[in-house]
Amino acid sequence: MIKFEGVHKWFKKLHVLNGIDLHVKQGEVVVVCGPSGSGKSTLIRTINQLEPIEEGSLIVDGMDLRSKKTDINRLRAEVGFVFQQFNLYPHLSVIDNITLAPIKIRKTSKKEAQEQAMELLERVGLAVKRDAYPTQLSGGQQQRVAIARALAMKPRIMLFDEPTSALDPEMIGEVLAVMQDLASTGMTMVCVTHEMGFAREVSDRVVFMDHGVILEEAQPEEFFRNPQHDRAKQFLKQLLSPMH
Amino acid sequence: MLKYTFDWSIVTSGKYFEWLVSGLKVTLELSAVGIVCAFILGLLIAVLKMSHYRPVRWIATAYLEFFRNTPLLVQIFFWYFGSYKVLPAAVNEWLNSTNFEFAAAAIALTIYTSAFIAEDIRSGILSIPKEQMEAARSAGFSYLRSMQYIILPQAVRITIPPLVNQFLNLAKNSSLAMSIGVMELTYQARQVESYTFKGFEAFTAATVVYLGLSVVITALMDLYNKKVLNPHRA
Numbered sequence: 001m002i003k004f005e006g007v008h009k010w011f012k013k014l015h016v017l018n019g020i021d022l023h024v025k026q027g028e029v030v031v032v033c034g035p036s037g038s039g040k041s042t043l044i045r046t047i048n049q050l051e052p053i054e055e056g057s058l059i060v061d062g063m064d065l066r067s068k069k070t071d072i073n074r075l076r077a078e079v080g081f082v083f084q085q086f087n088l089y090p091h092l093s094v095i096d097n098i099t100l101a102p103i104k105i106r107k108t109s110k111k112e113a114q115e116q117a118m119e120l121l122e123r124v125g126l127a128v129k130r131d132a133y134p135t136q137l138s139g140g141q142q143q144r145v146a147i148a149r150a151l152a153m154k155p156r157i158m159l160f161d162e163p164t165s166a167l168d169p170e171m172i173g174e175v176l177a178v179m180q181d182l183a184s185t186g187m188t189m190v191c192v193t194h195e196m197g198f199a200r201e202v203s204d205r206v207v208f209m210d211h212g213v214i215l216e217e218a219q220p221e222e223f224f225r226n227p228q229h230d231r232a233k234q235f236l237k238q239l240l241s242p243m244h
Numbered sequence: 001m002l003k004y005t006f007d008w009s010i011v012t013s014g015k016y017f018e019w020l021v022s023g024l025k026v027t028l029e030l031s032a033v034g035i036v037c038a039f040i041l042g043l044l045i046a047v048l049k050m051s052h053y054r055p056v057r058w059i060a061t062a063y064l065e066f067f068r069n070t071p072l073l074v075q076i077f078f079w080y081f082g083s084y085k086v087l088p089a090a091v092n093e094w095l096n097s098t099n100f101e102f103a104a105a106a107i108a109l110t111i112y113t114s115a116f117i118a119e120d121i122r123s124g125i126l127s128i129p130k131e132q133m134e135a136a137r138s139a140g141f142s143y144l145r146s147m148q149y150i151i152l153p154q155a156v157r158i159t160i161p162p163l164v165n166q167f168l169n170l171a172k173n174s175s176l177a178m179s180i181g182v183m184e185l186t187y188q189a190r191q192v193e194s195y196t197f198k199g200f201e202a203f204t205a206a207t208v209v210y211l212g213l214s215v216v217i218t219a220l221m222d223l224y225n226k227k228v229l230n231p232h233r234a
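Chains F and V, in that order, give the protein sequences.
For the first sequence, the UniProt record's numbering assigns the number 1 to the initial residue and increments by one for each residue that follows.
For the second sequence, the UniProt record's numbering assigns the number 1 to the initial residue and increments by one for each residue that follows.
Just chain V, same shape as in the assembly (with noise of 0.2 angstroms):
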């Protein structure tokens, strides 16, 4: 017989709620932050990967690889517990002042998922036919004009599927902060499992939050797909 009883109310009101809140916020903060810079920086390293230059192309796939084949907790770590040790006692001080923890963990995510980012861009901008290259140079557009105005438009179209998937990964990585002690929602579920011991209140919470938390980026995208990248097609 089950001897576990349910009580969903600490999840839904009081303090424990008041947690959770406020953990789902510093995790929208931390979602919001990774996946513009994420989107920024994989769009800059696509296009340093397809570069002319043979250096330039050596560096962003050893950017590439390098971050996309070490783990994310462990890039984590290394932002918040190694990279301090080697920066002057000015920037530490001044890193100590703001929120340490949440910005190692936006630069680990970011780096992280910018590494996907740009390879999925990549092939993106591989699918466009050359003859859109071409025609942007007859006109006299210079080659990052072009990939500007032209060749980055039409891959990022090809590209929003996987993008949202990294976008999700993202959300969902964003758990991993908590590992430096970020005050986001998987860490608040914790706290309230620690406090209350409804572990299956707290973590169910979380889980659909994070669902829902899904559902509306998928939907974001998917409505900035329909009406303002694609709005000609049906």
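Pulled out of the complex, with its shape left as it was, chain F reads as follows (with noise of 0.2 angstroms):
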């Protein structure tokens, strides 16, 4: 479904990807981890070319993303993207942002977009939202709506980049639980994030990166028991106990 082999990034002389070989299949659910600056944002922005990749390969859902021939906007309708600052239109309420990019780039009729936004919103809990605007929700719930908005769009790959890291505590859990409800309907998923909770009871592997580098890939019991490398051993202890 997603196919990284080689893949480099550079931001001007840094070297954010240094050769990425990363496979997800589809239904699979990927946990991407690591430091902050260790280019696991970027990796997960490359997927839907957000960031373009400079040198490898990258194919997703068939389409190669170095190909000139490629409609990016075609790959993006097929694939949900999930902010960390959720990012919803500010101008439009909770059931025309769901509704916006079904009705205008699906072609959906208005009513039908309209009745597959309410089931969204339903199944993520916020019906009752569905006529107010972004900044009267809590930030749980803006992202449960922008995890809805990606929804609409009925796409193969979901890509989580750290949804619930500009969230209060209390609020964590509500996000989580819907894209966990998501993970068990076999939606392809790759979140970066640092809820190792999510990882562990969630997700099928956990990848765990740094300075741009792959440098563990495992199952999630095998990844928290018994990490291999040093600055994965490390990580851990530090998100376990920050306090040391």
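I should point out that these hints are in silico values taken from the structure, not numbers from a laboratory.
Keep in mind that the hints are not guaranteed to be accurate.
Now the stretches of chain F that chain V is said to cover, found in silico as 3 or more residues with beta-carbon under 8 angstroms [to be verified]:
(1) 20-27
(2) 31-41
Pairs of lysine-lysine residues, derived as BS3-like cross-links and limited to a Cα-Cα distance of at most 30 angstroms, are as follows [to be verified]:
(3) V:Lys-85 to F:Lys-129
(4) F:Lys-12 to V:Lys-226
(5) V:Lys-49 to F:Lys-68
(6) F:Lys-110 to V:Lys-226
(7) V:Lys-130 to F:Lys-110
(8) V:Lys-85 to F:Lys-107
(9) F:Lys-69 to V:Lys-49
(10) V:Lys-130 to F:Lys-3
(11) F:Lys-104 to V:Lys-227
(12) F:Lys-13 to V:Lys-130
(13) V:Lys-3 to F:Lys-104
(14) V:Lys-227 to F:Lys-129
(15) F:Lys-154 to V:Lys-130
(16) F:Lys-68 to V:Lys-226
(17) V:Lys-49 to F:Lys-110
(18) V:Lys-172 to F:Lys-104
(19) F:Lys-111 to V:Lys-227
(20) V:Lys-49 to F:Lys-111
(21) V:Lys-49 to F:Lys-12
(22) F:Lys-104 to V:Lys-130
(23) F:Lys-69 to V:Lys-227
Cβ atoms here follow ideal geometry from the backbone N, Cα and C, with glycine treated the same way.
Each of the two chains sits in its own frame; use the hints to bring them together as a complex.
In structure tokens, the structure reads:
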């Protein structure tokens, strides 16, 4: 579904992705973790070409991201992206946030798009907020709307870039629950997150990155019980007991 | 001792009153056409100025600098006295059959004001966080569609106060159209003065009407901003 082969990327002189090889199969839930500045956000952003890559090959849903023939807008319509800062459209109500892309890009009728949006809002537990505006919602609610907005395009892949990092602790659970529910439907998901509980319970595989390199790739049980790399051991130790 | 006797009746009734009313009608038409066209053109230029293609940006920049930095009166004269010299005869014939004075004034006002509006809208666009564009592109919208559905609607809201200024300027600048014989409000006030020597009354009347027009434009924009653009904000 997603295949990185020898992918490199630079920001000016900074080598942010240094030879990434990664294969995500259909229906797989992959968690990417690592210290800040490790390149994990950049990695996930290359998948829908918010960041273009400079070397290597990247195939997403059968489309070659380095080919000039690939219609990037078509690819992006198939790939849902959830941001750390939600990025809802502040001038549109919740329902309009969700229906805009299906109506304008998928050419779904307004009535049908609204019905689908209501189903999605039910699913994320926010049906009562259909006419609210983003500024009237809490962070957790905004993020759940953002997930519903991404799902409204019926994507084949969902990408989450630190979806709970901007949230107050008591709101993290509600967003993770939605993600867990989504994973149980067989959605292909790549999540950059520090939520190790989510990684352990929901993911099929954990990828650990540092300095633009994938240092470790393992089943969650294996990764948490017996991390191989020193950097991974250190990272886990700090994450589990940040006071030391 | 003041020798002048005021006669306000000339501007509140009768023939001269009708002149002023017909002048106001032309001023309203000119302002309305100018505001709508200048806004659309300004929006277009603002987007072009932000294009990824350098030649397109250059054209937009040249347009902006050229029309912002030359006097409006010269531009009005150019369209009225200059442009038709280089147009084909058939076009000229058609132009003469229409109200060419009005058209020349409308074109000059539109283009002149659009340059200022474009700059205001552009700074509005730049104030929208770049993540909004990323969210739109991630959903599969092209650059232009992202602008259309997500960036511009937000930018225009921010741009309302400076836009009101530009609209007011346009309405007031429309008085320059009298210089090429457009029979708008200032032209008619001048006529009333010529016929009656009641310059004080005539131009007081014109002043009051322009003031009223500005107040109405400001109120309408305010209402639009509150009721249509930001219904959810207090």
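*Compare the structure with the hints numbered earlier in the document and write down the numbers of the violated ones, lowest to highest.*
1, 2, 3, 4, 8, 13, 16, 17, 18, 20 and 23
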